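S.K.: Listed here are the chains, written in short residue letters.
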Amino acid sequence: MAQYLLRRVTTIILALWLIITVTFLIMHSIPGGPFASEKKVPDVIKHNLEERYHLNDPLGKQYIDYLNHLVHLDLGPSFKYEYRTVNDIIKEGFPVSATLGSLAIAFSLVVGLLAGVISALRQNHWQDYLAMVLATLSFSVPSFILSGLLMYFFAYKLQLLPPAMWGTWQQAILPTLALAALPTAFIARLMRSSMLEVLQQDYIKTARAKGLSERVIVLRHGVRNAILPVVTYLGFLVTEVLLGSFVVESIFAIPGLGRWFVISILNRDYTVILGVTVFYSAFLMLMNFLVDLAYVAVDPRIKLVDRKDV
Amino acid sequence: MKKLLSVNNLQVHFTTFAGEVQAVRGVSFDLAAGEAIAVVGESGCGKSVTAQSIMKLIPSPPGRYMAGEIFFNGENLLPKTEKEMETIRGKDIGMIFQDPMTSLNPTMKVGHQIVEMLKKHTNLTGEAVKRRAVEMLALVGLPNPEKRYDQYPHQFSGGMRQRAMIAMALACNPRLLIADEPTTALDVTIQAQILELMQELKDKLGTSIILITHDLGVVAGFASRVIVMYAGKVVESGTTGEIFYRHRHPYTRGLLASVPRPGKEIRKKLNPIAGRPPGLINPPRGCAFWPRCDRAMQVCREVQPDMVQLSDTHWVSCWLTHEFAAKGANVRS
Numbered sequence: 000m001a002q003y004l005l006r007r008v009t010t011i012i013l014a015l016w017l018i019i020t021v022t023f024l025i026m027h028s029i030p031g032g033p034f035a036s037e038k039k040v041p042d043v044i045k046h047n048l049e050e051r052y053h054l055n056d057p058l059g060k061q062y063i064d065y066l067n068h069l070v071h072l073d074l075g076p077s078f079k080y081e082y083r084t085v086n087d088i089i090k091e092g093f094p095v096s097a098t099l100g101s102l103a104i105a106f107s108l109v110v111g112l113l114a115g116v117i118s119a120l121r122q123n124h125w126q127d128y129l130a131m132v133l134a135t136l137s138f139s140v141p142s143f144i145l146s147g148l149l150m151y152f153f154a155y156k157l158q159l160l161p162p163a164m165w166g167t168w169q170q171a172i173l174p175t176l177a178l179a180a181l182p183t184a185f186i187a188r189l190m191r192s193s194m195l196e197v198l199q200q201d202y203i204k205t206a207r208a209k210g211l212s213e214r215v216i217v218l219r220h221g222v223r224n225a226i227l228p229v230v231t232y233l234g235f236l237v238t239e240v241l242l243g244s245f246v247v248e249s250i251f252a253i254p255g256l257g258r259w260f261v262i263s264i265l266n267r268d269y270t271v272i273l274g275v276t277v278f279y280s281a282f283l284m285l286m287n288f289l290v291d292l293a294y295v296a297v298d299p300r301i302k303l304v305d306r307k308d309v
Numbered sequence: 000m001k002k003l004l005s006v007n008n009l010q011v012h013f014t015t016f017a018g019e020v021q022a023v024r025g026v027s028f029d030l031a032a033g034e035a036i037a038v039v040g041e042s043g044c045g046k047s048v049t050a051q052s053i054m055k056l057i058p059s060p061p062g063r064y065m066a067g068e069i070f071f072n073g074e075n076l077l078p079k080t081e082k083e084m085e086t087i088r089g090k091d092i093g094m095i096f097q098d099p100m101t102s103l104n105p106t107m108k109v110g111h112q113i114v115e116m117l118k119k120h121t122n123l124t125g126e127a128v129k130r131r132a133v134e135m136l137a138l139v140g141l142p143n144p145e146k147r148y149d150q151y152p153h154q155f156s157g158g159m160r161q162r163a164m165i166a167m168a169l170a171c172n173p174r175l176l177i178a179d180e181p182t183t184a185l186d187v188t189i190q191a192q193i194l195e196l197m198q199e200l201k202d203k204l205g206t207s208i209i210l211i212t213h214d215l216g217v218v219a220g221f222a223s224r225v226i227v228m229y230a231g232k233v234v235e236s237g238t239t240g241e242i243f244y245r246h247r248h249p250y251t252r253g254l255l256a257s258v259p260r261p262g263k264e265i266r267k268k269l270n271p272i273a274g275r276p277p278g279l280i281n282p283p284r285g286c287a288f289w290p291r292c293d294r295a296m297q298v299c300r301e302v303q304p305d306m307v308q309l310s311d312t313h314w315v316s317c318w319l320t321h322e323f324a325a326k327g328a329n330v331r332s
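Top line first, the protein sequences correspond to chains X and R.
Going letter by letter, the first sequence gives residues 0 to 309 in numbering that gives the first Met the number 0.
Going letter by letter, the second sequence gives residues 0 to 332 in numbering that gives the first Met the number 0.
Be careful, since some hints might not be right.
Some but not every residue of chain X turned toward chain R, in silico, with C-beta under 7 Å [claimed, not checked]: (1) Gln2; (2) Gly31; (3) Pro33; (4) Asp201; (5) Thr205; (6) Lys209; (7) Arg223; (8) Arg300.
Heads up, simulated DMTMM-like pairs for lysine to aspartate or glutamate below, C-alpha to C-alpha not over 25 Å straight-line [said to hold, decoys possible]: (9) Lys108/R <-> Glu196/X; (10) Lys118/R <-> Glu81/X; (11) Lys129/R <-> Glu50/X; (12) Lys82/R <-> Asp201/X; (13) Lys146/R <-> Asp91/R; (14) Lys108/R <-> Asp73/X; (15) Lys82/R <-> Asp298/X; (16) Lys146/R <-> Asp298/X.
No wet-lab data here; the hints were simulated from the structure.
Treat the numbers as computed from the prediction; the structure is a model and nothing was measured.
A virtual CB, placed ideally from N, CA and C, is assigned to each residue, including glycine.
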């Protein structure tokens with residue numbers, strides 16, 4: 000177990016280093032830079048700016064310097080927003096994104112699991128058909144279209160909810176729905192097929208033969224086993240919600256990290272791009288690691304052992 | 000002896016896309032308290048459906064109980080509701096299944112799987128429930144029952160899992176144990192151990208047993224009576240001695256001949272013509288076995304033979320027992 004953990008952490012650090020290196024190289028190979036703009040900036044000023052931010056150093060030196068700062072958890076200053084460091088931006092943006100993301104994940108788990116179980120129990124009845132039609136719909140409509148539709152109907156036509164921005168709980172509803180639609184649909188379908196399979200298993204028949212009530216059979220013996228594939232999907236779910244947040248935050252003008260990331264790329268704000276990438280990579284790997292740990296708790300057949308120990 | 004179970008003219012149908020499958024077509028048999036009987040027949044002859052009907056475990060839809068009665072302890076089970084059946088299943092009737100590898104819940108400790116049932120059917124609580132479960136695990140011969148109690152099914156071998164299943168099925172001291180092919184998925188050596196265990200527990204606890212199997216080899220020495228089923232009907236029933244040595248139905252003879260004996264090629268005797276049991280969507284008009292029977296007569300194709308009593312215990316449904324049947328009606332016309 001200890002060896003497994005050590006191995007996992009080493010892998011994560013190696014992967015992070017690889018991501019930093021590749022992002023660094025790609026970023027610098029995109030034409031333009033943080034100080035290129037439509038407005039003509041005198042060459043001398045541009046040169047001075049680049050000098051101040053060490054952009055004229057050889058690429059190798061910039062790379063080493065960046066890694067050096069990163070080890071001290073310093074992600075550098077933003078090139079676009081004066082008096083703001085990347086650390087500040089993450090500190091400001093991440094809580095917003097995390098709130099929105101958690102809401103979306105919670106929604107997709109609760110609604111998706113519920114819909115999946117009900118569809119399976121009422122297979123080929125109207126509840127099943129309704130849930131699966133809805134799932135297929137939200138599975139196939141991309142989030143940027145769904146966001147627009149939600150805004151149009153709930154904010155513009157019905158005037159029930161605010162169309163954008165962040166701060167009140169009403170403002171959280173539409174972006175949460177837009178962000179959760181796809182994972183909810185996926186979880187519902189996953190849970191439905193998994194549940195249908197589990198209900199066919201011999202141990203369900205055993206549970207029936209033991210005289211357990213239908214409720215206990217479905218919950219304790221059915222859902223408990225059918226949920227395993229969904230737990231596997233959790234790591235991917237976090238990734239999906241995170242990627243979706245780039246789009247949804249931009250559309251709903253939510254000051255989260257996703258929106259900052261998109262803006263920073265448009266601005267060629269090198270340090271912000273790198274910083275957010277590093278932060279999100281580390282975050283995702285940590286989440287996947289936690290999911291693996293969760294899997295051990297849910298499925299007793301799985302043990303965390305280093306391959307060499309077996 | 001007092002009758003514990005009495006199945007009368009049970010008929011079970013399944014609705015499928017192809018049509019109505021008549022899986023069980025009028026099965027009747029009795030079981031006395033403390034008795035062990037065996038139900039034998041090929042796959043698809045209605046053995047398991049009959050067994051599951053006794054606990055009303057047939058999923059509906061597609062299954063339907065068309066007719067008949069199942070008296071258990073003097074009460075007809077068929078009209079009972081699900082809620083009423085829940086108090087009988089596990090408590091008065093225990094059941095073990097064919098494949099012990101898949102019959103236990105993989106995400107639940109073996110001990111808890113016994114405990115959840117004890118909690119449902121008995122007044123035991125807390126430590127007493129656990130003690131009873133451990134006691135049961137010890138009773139079925141699992142070494143280290145305390146430790147086994149806290150383990151998951153995947154930490155058990157196949158034979159041990161079947162022992163655990165038996166422990167579970169017997170935990171509430173049921174009057175009747177239905178064993179649906181309990182040894183089919185096990186190694187031959189383990190098969191013998193499991194049968195021995197069931198025999199031992201039957202004598203110790205006085206549980207009646209219905210053993211469902213397609214292997215007549217495991218029947219001898221275990222059951223006092225044998226019921227032979229074919230195409231959803233009982234074709235012959237009698238004491239184990241009668242079935243083994245004085246059988247009258249050609250199907251029983253075929254089954255017995257198909258018990259493998261080293262060095263003899265006897266498979267052909269069972270299937271003189273390429274054959275499988277008939278489809279039960281449109282069961283044959285006459286005797287269901289005639290297409291595969293080497294002694295079939297004209298009457299067999301047209302009229303269903305009645306059950307004929309040959310002794311106090313021996314019944315058979317075959318035209319060959321009729322007084323008009325020629326003694327030499329051995330040859331197919």
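S.K.: So, for every hint listed, does it hold in this structure?
M.R.: Status of each hint after checking the structure:
Contact between glutamine 2/X and chain R, as hinted, is not supported at the beta carbon level, the nearest pair being about 23 Å apart and thus beyond 7 Å. A least Cβ separation of about 55 Å between glycine 31/X and chain R goes past the 7 Å threshold, and the interface hint is therefore violated. About 53 Å separates the beta-carbon of proline 33/X from the nearest beta-carbon of chain R, more than 7 Å, and the hint is not met. Interface restraint check for aspartate 201/X: the shortest CB-CB distance to chain R comes to about 4 Å, inside 7 Å, so the restraint holds.
Satisfaction of the interface hint for threonine 205/X is found here, the shortest Cβ-Cβ separation to chain R being roughly 5 Å, below the 7 Å cut-off. Contact between lysine 209/X and chain R, as hinted, is supported at the beta carbon level, the nearest pair being about 4 Å apart and thus within 7 Å. Contact between arginine 223/X and chain R, as hinted, is supported at the beta carbon level, the nearest pair being about 5 Å apart and thus within 7 Å. Checking arginine 300/X against chain R: minimum C-beta separation of about 5 Å stays under 7 Å; hint holds.
Of the supplied pair hints, the one linking lysine 108/R and glutamate 196/X holds, its CA atoms being roughly 21 Å apart against a limit of 25 Å. The suggested pairing of lysine 118/R with glutamate 81/X is violated, with an alpha-carbon distance near 68 Å, which exceeds 25 Å. Pair hint lysine 129/R plus glutamate 50/X does not hold up; C-alpha atoms about 76 Å apart against a cutoff of 25 Å. For the suggested pair lysine 82/R and aspartate 201/X, the alpha carbons sit about 21 Å apart, so the restraint of at most 25 Å is met.
At roughly 28 Å between alpha-carbon atoms, lysine 146/R and aspartate 91/R are farther apart than 25 Å, so this suggested pair is violated. As the CA atoms of lysine 108/R and aspartate 73/X are separated by approximately 49 Å, the hinted pair breaks the 25 Å bound. The suggested pairing of lysine 82/R with aspartate 298/X is violated, with an alpha-carbon distance near 31 Å, which exceeds 25 Å. Taking the CA atoms of lysine 146/R and aspartate 298/X, the gap is about 19 Å. The hint holds against a cut of 25 Å.
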